[in-house]
Amino acid sequence: MNRRFSWFNATSLTLGFVFLYLPMIILIIFSFNSSKLVTVWAGFSTKWYGELLGNKAFLDAAWVTLKVAVLSSTLATVLGTMAAYVLVRAGRFAGRTLFSGMIYAPLVMPEVITGLAMLLLFISIGMDRGVSTIVLAHTTFTMCYVSVVVSSRLVTFDKSLEEAALDLGCTPFDAFRSVTLPIIAPAVISGWLLAFTLSLDDLVIASFAAGPSSTTLPMKIFSSVRLGVSPEINALSTLMIGIVTVGVITASLVSKRSIARQRAEEQAAARA
Amino acid sequence: MNLRRLVLIATPYLWLVVFFLVPFVIVFKIALSDYAISIPPYTPTLDLSAGWEGIKSFFGALDFENFTFLASDALYWKAYLSSLQIAAISTVITLLVGYPIAYGMAQASDEWRPTLMMLVILPFWTSFLIRVYSWIGILSNEGFLNQFLLWLGIIDTPLTILNTNAAVYVGIVYTYLPFMVLPIYSALEKLDGSLIEAAEDLGCSRAQAFWLITLPLSKPGVIAGCFLVFIPALGEFVIPSILGGSSTLMIGKVLFEEFFSNRDWPVASAVAVVLLLILIVPIILFQRNEQKQREANQ
Numbered sequence: 232m233n234r235r236f237s238w239f240n241a242t243s244l245t246l247g248f249v250f251l252y253l254p255m256i257i258l259i260i261f262s263f264n265s266s267k268l269v270t271v272w273a274g275f276s277t278k279w280y281g282e283l284l285g286n287k288a289f290l291d292a293a294w295v296t297l298k299v300a301v302l303s304s305t306l307a308t309v310l311g312t313m314a315a316y317v318l319v320r321a322g323r324f325a326g327r328t329l330f331s332g333m334i335y336a337p338l339v340m341p342e343v344i345t346g347l348a349m350l351l352l353f354i355s356i357g358m359d360r361g362v363s364t365i366v367l368a369h370t371t372f373t374m375c376y377v378s379v380v381v382s383s384r385l386v387t388f389d390k391s392l393e394e395a396a397l398d399l400g401c402t403p404f405d406a407f408r409s410v411t412l413p414i415i416a417p418a419v420i421s422g423w424l425l426a427f428t429l430s431l432d433d434l435v436i437a438s439f440a441a442g443p444s445s446t447t448l449p450m451k452i453f454s455s456v457r458l459g460v461s462p463e464i465n466a467l468s469t470l471m472i473g474i475v476t477v478g479v480i481t482a483s484l485v486s487k488r489s490i491a492r493q494r495a496e497e498q499a500a501a502r503a
Numbered sequence: 006m007n008l009r010r011l012v013l014i015a016t017p018y019l020w021l022v023v024f025f026l027v028p029f030v031i032v033f034k035i036a037l038s039d040y041a042i043s044i045p046p047y048t049p050t051l052d053l054s055a056g057w058e059g060i061k062s063f064f065g066a067l068d069f070e071n072f073t074f075l076a077s078d079a080l081y082w083k084a085y086l087s088s089l090q091i092a093a094i095s096t097v098i099t100l101l102v103g104y105p106i107a108y109g110m111a112q113a114s115d116e117w118r119p120t121l122m123m124l125v126i127l128p129f130w131t132s133f134l135i136r137v138y139s140w141i142g143i144l145s146n147e148g149f150l151n152q153f154l155l156w157l158g159i160i161d162t163p164l165t166i167l168n169t170n171a172a173v174y175v176g177i178v179y180t181y182l183p184f185m186v187l188p189i190y191s192a193l194e195k196l197d198g199s200l201i202e203a204a205e206d207l208g209c210s211r212a213q214a215f216w217l218i219t220l221p222l223s224k225p226g227v228i229a230g231c232f233l234v235f236i237p238a239l240g241e242f243v244i245p246s247i248l249g250g251s252s253t254l255m256i257g258k259v260l261f262e263e264f265f266s267n268r269d270w271p272v273a274s275a276v277a278v279v280l281l282l283i284l285i286v287p288i289i290l291f292q293r294n295e296q297k298q299r300e301a302n303q
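Respectively, the protein sequence lines represent chains A and B. One gets our numbering by counting positions in the first sequence from 1 and adding 231 to each. One gets our numbering by counting positions in the second sequence from 1 and adding 5 to each.
Here chain B stands alone, though its shape is the one from the complex:
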């Protein structure tokens, strides 16, 4: 029994330690190392054969140089700021687009709900890359949106949307919309209808009842949805590199290029460490919101 229990716990535990925890320790270590033209392209490397002296010189050679470099080079903090800005703006747009959809689903009849649910979830199962790619043909200068607007006569020269931040917003809103709709829908679904009836009996208009009852009670879903969009959007790489332009600065893209094009592993690792530190705040807030929800449900 005890051996079984040990094996049961140890197998997934060790797997995660080796393939998840240890890699992060390595990232931190390399973030403190120096760039070198060698294989692997950083120093120092831990030489255990040199014994205690080796370990001592290894730790002596680690420093925070890469982090001061990140702070001094405008490219990096601009990329962090612009990632935060892009993630925040697209979260707000996703909320504005997603809330009416979730509200409509919650108001729909019981026969319709499973179908609507499926329609929201289905895009999530289709390839993320393809969903982002599908917008190139729509947003490009000779794309469908411009053709449509020209045909309507609203514009007479095509708008440049592809390869700008606007296209990145569209891409994020489009791909993360289900993450916003589902938590809001599940909050609205649980809402007790008699509260709204009571409000209306007491003289509220429909709009007032929505504003005073429905919206505040759906707040946990709104918060969860916002974090579910904001957190992955912050480190997004695929959307800015396919839909964004050369002026679109997002930290995920900078990290990728720092690693693959510049081959500067220590700086790439330092970029990753700072991104992690930035993400800790929203992740903890998100966890708290979830915890509160669980306690409220019990």
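Pulled out of the complex, with its shape left as it was, chain A reads as follows:
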């Protein structure tokens, strides 16, 4: 692409990013508003954070959400990495088309349908709904995202490295552990992060899969948001946005460094 960065480009980028970030910036600013009125500034205060931390219902929901997210994203990473390996390396087997269909379908499936289907399954096998059913539901839809991320890395890496390990006497499992896994590790980690945030964020599927006793944070936020804007929700949102921003920036710095190191090692190996 021949590049001449024009005024038009600068304006559209500026307006675009203002549109993307202004609503969240307003939200963050007004979480420090001392007034209960969310659109009138009445001075700086951190009292909504205090009230939030004293609100047991929110804390309980946050704990449930965190538990679900850790369990489901870990399970999803294991299953999704296996699925990616099967898709890219296992060659032909009976029902391969169905398998890849089942990997890609949840990505485009409306959440209401996935949620409804899951709930009807849990009811027909007589499973009590609660944390465990949310974990199962989240694992199923997030493992597909993990396998897409991991398989895109598996496709690009040199298969001969694995074959060399096998020729040198490694068992397939050893070859996977000592050759493949270190190479695809960044993709596995970003797959886990993706699954984790998808699970933290999910409202619809959790609403279907949750029982009356287990409420996740998005469900709690949703029910209070329906009553309108509240400064407590603003404070909670600010905390969540802050955590995600720090997490994403750290992750991208770490992966940038590991890519740079990998490149340096490859260059050193080529020179030797």
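Because the hints were derived from the structure by calculation, they are not lab data. Keep in mind it's a predicted model, so treat the numbers as computed, not measured. No residue lacks a Cβ here, since even glycine has one placed at the ideal position from N, Cα and C. There could be a bad hint or two in this list.
With a Cα cut of at most 30 Å, we get these calculated DSBU-like pairs of lysine-lysine [to be verified]:
{"#": "1", "chain 1": "A", "residue 1": "Lys298", "chain 2": "A", "residue 2": "Lys278"}
{"#": "2", "chain 1": "B", "residue 1": "Lys83", "chain 2": "B", "residue 2": "Lys61"}
{"#": "3", "chain 1": "A", "residue 1": "Lys278", "chain 2": "A", "residue 2": "Lys267"}
{"#": "4", "chain 1": "B", "residue 1": "Lys195", "chain 2": "A", "residue 2": "Lys487"}
{"#": "5", "chain 1": "B", "residue 1": "Lys195", "chain 2": "A", "residue 2": "Lys390"}
{"#": "6", "chain 1": "B", "residue 1": "Lys34", "chain 2": "B", "residue 2": "Lys195"}
{"#": "7", "chain 1": "B", "residue 1": "Lys297", "chain 2": "A", "residue 2": "Lys390"}
{"#": "8", "chain 1": "B", "residue 1": "Lys195", "chain 2": "B", "residue 2": "Lys83"}
{"#": "9", "chain 1": "A", "residue 1": "Lys390", "chain 2": "A", "residue 2": "Lys487"}
Distance ranges between label pairs, derived from CB positions [stated by the list, open to error]:
{"#": "10", "chain 1": "B", "residue 1": "Arg293", "chain 2": "A", "residue 2": "Arg488", "range": "34 to 44 Å"}
{"#": "11", "chain 1": "B", "residue 1": "Phe69", "chain 2": "A", "residue 2": "Pro443", "range": "54 to 64 Å"}
{"#": "12", "chain 1": "B", "residue 1": "Lys195", "chain 2": "A", "residue 2": "Arg492", "range": "50 to 60 Å"}
{"#": "13", "chain 1": "B", "residue 1": "Ala76", "chain 2": "A", "residue 2": "Asp291", "range": "37 to 47 Å"}
{"#": "14", "chain 1": "B", "residue 1": "Thr16", "chain 2": "A", "residue 2": "Ala416", "range": "19 to 29 Å"}
{"#": "15", "chain 1": "A", "residue 1": "Arg492", "chain 2": "B", "residue 2": "Leu26", "range": "20 to 30 Å"}
{"#": "16", "chain 1": "A", "residue 1": "Arg488", "chain 2": "B", "residue 2": "Leu220", "range": "33 to 43 Å"}
{"#": "17", "chain 1": "B", "residue 1": "Leu154", "chain 2": "A", "residue 2": "Trp272", "range": "42 to 52 Å"}
{"#": "18", "chain 1": "A", "residue 1": "Leu329", "chain 2": "B", "residue 2": "Pro46", "range": "30 to 40 Å"}
{"#": "19", "chain 1": "A", "residue 1": "Ser409", "chain 2": "B", "residue 2": "Arg211", "range": "51 to 61 Å"}
{"#": "20", "chain 1": "A", "residue 1": "Val301", "chain 2": "B", "residue 2": "Arg211", "range": "44 to 54 Å"}
{"#": "21", "chain 1": "B", "residue 1": "Asp197", "chain 2": "A", "residue 2": "Ser355", "range": "48 to 58 Å"}
Knowing the structure of chain A, use the given hints to seat chain B on it.
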């Protein structure tokens, strides 16, 4: 070796069959059942202990009654049509907003690109629910947008935007914008700059070169972006229920309410089946576009 391979394939395979495929079979089955005041609230239920007779009577009791009900009740087909309309209009708006952003990113210098990329992706990692919620304070009658317009003197009475379809458009455009920008950007990034130079050498103006070269060559990205917005927007539930009003009809919301408020599981399942059938067309078109892209890249 073969046992390992079997375990490797069977574990994710069985998981998806049990937790993804079987649930859909159940949805289809319940869509063909009748509503009943019992637990679970539908008949018939498959009674395997009755043997062959049980299976026969089970299949005999299934019918398409719920689907004829959906077709006869105006609420449902209006909800499908209005979902299609809302999804289509917001896809077009997202394209108009997203293309200049993607184009600007592609024109930016190499040092800036990773930062711009990160700025587009970052909102995607923050909670969807919170991003939708952030618009309530902006769009409401006493919200920031109305205050701003009143201050500018453009309007003298606040506009009603929240709880209308307009707010739903804003919500969809806002939350799905990264899905539109990224595929268009990746198409523009691959574009060979010498083509545009050649066009300009041959007498094209910058605008003509954009219209004749850049736009057609970015078409695959545009198509991918449009599907990535249209498909999830069609079944959207969160945005219409937070930003939309009581007159906003979207099928995702109807399904949710049919299930949780009316507790009519067979009708909710039939609504889901029809939505799936509607979605098959754009999903197949999207897959074809992706396939063509992959072949073109090889």
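These are the hints, each one checked on the structure:
As the CA atoms of Lys298/A and Lys278/A are separated by approximately 27 Å, the hinted pair is consistent with the 30 Å bound. A C-alpha spacing of about 37 Å is found between Lys83/B and Lys61/B, which places the hinted pair above 30 Å, so the restraint is violated. Taking the CA atoms of Lys278/A and Lys267/A, the gap is near 10 Å; set against the 30 Å cutoff, the hint holds. Our distance criterion of 30 Å between C-alpha atoms is met by Lys195/B and Lys487/A, whose separation comes to about 22 Å.
For the given pair, Lys195/B sits about 26 Å from Lys390/A by alpha-carbon distance, which is consistent with the 30 Å threshold. Straight-line distance between C-alpha atoms of Lys34/B and Lys195/B comes to about 47 Å, which puts the hinted pair past the 30 Å bound. A C-alpha spacing of about 25 Å is found between Lys297/B and Lys390/A, which places the hinted pair at or below 30 Å, so the restraint holds. Among the hinted pairs, Lys195/B with Lys83/B is inconsistent with the structure: their alpha-carbon atoms are about 42 Å apart, more than 30 Å.
Of the supplied pair hints, the one linking Lys390/A and Lys487/A holds, its CA atoms being roughly 24 Å apart against a limit of 30 Å. At about 39 Å, the beta-carbon gap between Arg293/B and Arg488/A stays in the expected band of 34 to 44 Å. Phe69/B and Pro443/A have their C-beta atoms about 33 Å apart, which leaves the hinted 54 to 64 Å range violated. Separated by about 27 Å at the C-beta atoms, Lys195/B and Arg492/A break the suggested range of 50 to 60 Å.
Checking the proposed 37 to 47 Å range against Ala76/B and Asp291/A shows it holds: the Cβ atoms sit about 44 Å from each other. In this structure, Thr16/B and Ala416/A meet the distance hint of 19 to 29 Å, their C-beta atoms being roughly 20 Å apart. Checked against the hint of 20 to 30 Å, the pair Arg492/A and Leu26/B fails, with Cβ atoms roughly 42 Å apart. For the pair Arg488/A and Leu220/B, the supplied restraint of 33 to 43 Å holds, since their beta-carbon distance comes to about 38 Å.
A C-beta distance of roughly 18 Å is found between Leu154/B and Trp272/A, which places it outside the suggested range of 42 to 52 Å. For Leu329/A and Pro46/B, the hinted distance range of 30 to 40 Å is satisfied, since their beta carbons lie about 31 Å from each other. For Ser409/A and Arg211/B, the hinted distance range of 51 to 61 Å is satisfied, since their beta carbons lie about 54 Å from each other. About 52 Å separates the C-beta atoms of Val301/A and Arg211/B, a value consistent with the hinted range of 44 to 54 Å.
About 56 Å separates the C-beta atoms of Asp197/B and Ser355/A, a value consistent with the hinted range of 48 to 58 Å.
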